[in-house]
Amino acid sequence: MKPIAGKRILVCGKGGSGKSTIVALMADVLQKKSYQTLVLDGDASNPEGLIRLLFGLGVESEPRPLLEFFGGLGRVTCPVDDPSPLTRKDDSVPVPERKIDIAKEIPPEYTIQKNGIRMFQAGKIETYGQGCDGPVEKVVRDFIVEGEWVSLIDMKAGIEHFGRKITDTMDIILVVLDPTLESLSIAKRIERFCRESKRNTFWLILNKIDSKEMESVMMEKLGYLRSRVLGSVSYDPELVHKELSGGSLLEGDAHEEIAKIIESLERSLLEGESKKEE
1 MKPIAGKRIL VCGKGGSGKS TIVALMADVL QKKSYQTLVL DGDASNPEGL
51 IRLLFGLGVE SEPRPLLEFF GGLGRVTCPV DDPSPLTRKD DSVPVPERKI
101 DIAKEIPPEY TIQKNGIRMF QAGKIETYGQ GCDGPVEKVV RDFIVEGEWV
151 SLIDMKAGIE HFGRKITDTM DIILVVLDPT LESLSIAKRI ERFCRESKRN
201 TFWLILNKID SKEMESVMME KLGYLRSRVL GSVSYDPELV HKELSGGSLL
251 EGDAHEEIAK IIESLERSLL EGESKKEE
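Each residue of the sequence shown is one higher than the last, beginning at 1 in this note's numbering.
Don't read these hints as lab results, they were simulated from the structure. Treat the hints with caution; some may be incorrect.
What the hints assert, rightly or not - Calculated cross-link-like contacts (lysine to any residue; reagent style SDA-like; alpha-carbon spacing at most 25 Å):
(1) 89 with 65
(2) 7 with 235
(3) 89 with 115
(4) 221 with 168
(5) 260 with 228
(6) 188 with 113
(7) 114 with 59
(8) 32 with 103
(9) 104 with 116
(10) 2 with 117
(11) 104 with 60
(12) 99 with 59
(13) 198 with 171
(14) 7 with 212
(15) 124 with 144
(16) 124 with 134
(17) 198 with 96
(18) 89 with 75
(19) 32 with 112
(20) 99 with 60
(21) 7 with 113
(22) 198 with 83
(23) 32 with 49
(24) 114 with 259
(25) 7 with 74
(26) 156 with 77
(27) 7 with 214
(28) 156 with 179
(29) 104 with 144
(30) 114 with 221
(31) 165 with 5
(32) 156 with 104
(33) 124 with 188
(34) 188 with 269
(35) 212 with 15
(36) 7 with 36
(37) 198 with 235
(38) 104 with 64
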């Protein structure tokens, strides 16, 4: 049984908490567990960051942004100004109603496929005065694919996407916390948003933890939210070096903790399904 199969997972948190690192490591562990794994870079302001973490410096070029596939800025609108669903250029059927067949519909220039992982970019801020990233977030919201693909979505820092209801099409929300008060505050605010939207599939990942004492302090400060913690990822100087040098995180050893976190997520999903059946 693969409880994460077919799920869309939004990974969010404060800037610098390590969201992209967690996404890259999760993608590698998931594909090694035989999940079909898709990574969507939903951060319009971070050029090449996720590609390097996934594949290192050996990638010749970035994939074309999916924003262009759906018609570009002139056609794709901000979800606040126009909440209507994303559609293909050649028809008016909403993508969430007829999901994307990535093998048949998406040309190769829009994706990178390596190490068993498919990677896409929603879109980037490319020019001065381009405008807000709302259209990019609409692509993130509605790029829903057919089949059993696990979609790992690396979201930009902060909580603006909750205000735009981007999370409405997500199956799982994962919040990455580093040891800062800002991370704790953001986690509590996101928990409130999830309650308001009647979402229970929301969990936390502690990151950059350099001691058991630090982990204990964070758990204490989380209070009632400590039950939402899937696990912790230790501070690892090797990861920091690879992020600086452009090395792929998929070549290192920092996977055991992520594997345990994914196992915890699988158990949580199965327990949730069992409660529904009772």
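Here's how the hints hold up against the structure:
1. 89 with 65: holds, 15 Å
2. 7 with 235: Answer violated: residue 7 to residue 235 is near 28 Å, above 25 Å.
3. 89 with 115: Violated - the C-alpha atoms of residue 115 and residue 89 are around 31 Å apart, more than 25 Å.
4. 221 with 168: It is violated: about 28 Å lies between the C-alpha atoms, which goes past 25 Å.
5. 260 with 228: holds, 15 Å
6. 188 with 113: Violated: residue 188 and residue 113 sit about 36 Å apart, past 25 Å.
7. 114 with 59: Holds. Residue 114 to residue 59 sits at ~10 Å (cutoff 25 Å).
8. 32 with 103: Holds - the C-alpha atoms of residue 103 and residue 32 are around 21 Å apart, at most 25 Å.
9. 104 with 116: holds, 18 Å
10. 2 with 117: holds, 17 Å
11. 104 with 60: holds, 24 Å
12. 99 with 59: Given that 25 Å is the threshold and the Cα spacing comes to 28 Å, the pair is violated.
13. 198 with 171: Since the Cα atoms of residue 198 and residue 171 sit roughly 12 Å apart, the hinted pair holds (cutoff 25 Å).
14. 7 with 212: Given pair residue 7, residue 212 is violated - Cα atoms ~32 Å apart, limit 25 Å.
15. 124 with 144: holds, 19 Å
16. 124 with 134: holds, 11 Å
17. 198 with 96: Distance ~20 Å between residue 198 and residue 96 Cα, so the pair holds.
18. 89 with 75: Holds, at about 8 Å.
19. 32 with 112: Cα-Cα ~18 Å, so holds.
20. 99 with 60: Violated. Residue 99 to residue 60 sits at ~29 Å, over the 25 Å cutoff.
21. 7 with 113: Since the Cα atoms of residue 7 and residue 113 sit roughly 19 Å apart, the hinted pair holds (cutoff 25 Å).
22. 198 with 83: holds, 20 Å
23. 32 with 49: holds, 22 Å
24. 114 with 259: holds, 20 Å
25. 7 with 74: violated, 30 Å
26. 156 with 77: holds, 18 Å
27. 7 with 214: Not satisfied, since the Cα-Cα distance of roughly 32 Å exceeds 25 Å.
28. 156 with 179: holds, 19 Å
29. 104 with 144: Between residue 104 and residue 144 the Cα gap is close to 14 Å, so the pair holds against 25 Å.
30. 114 with 221: Cα-Cα ~40 Å, so violated.
31. 165 with 5: holds, 23 Å
32. 156 with 104: violated, 29 Å
33. 124 with 188: Not satisfied, since the Cα-Cα distance of roughly 29 Å exceeds 25 Å.
34. 188 with 269: The given pair, whose Cα atoms are some 21 Å apart, holds under the 25 Å limit.
35. 212 with 15: holds, 24 Å
36. 7 with 36: Holds: residue 7 and residue 36 sit about 11 Å apart, inside 25 Å.
37. 198 with 235: violated, 33 Å
38. 104 with 64: Distance ~17 Å between residue 104 and residue 64 Cα, so the pair holds.
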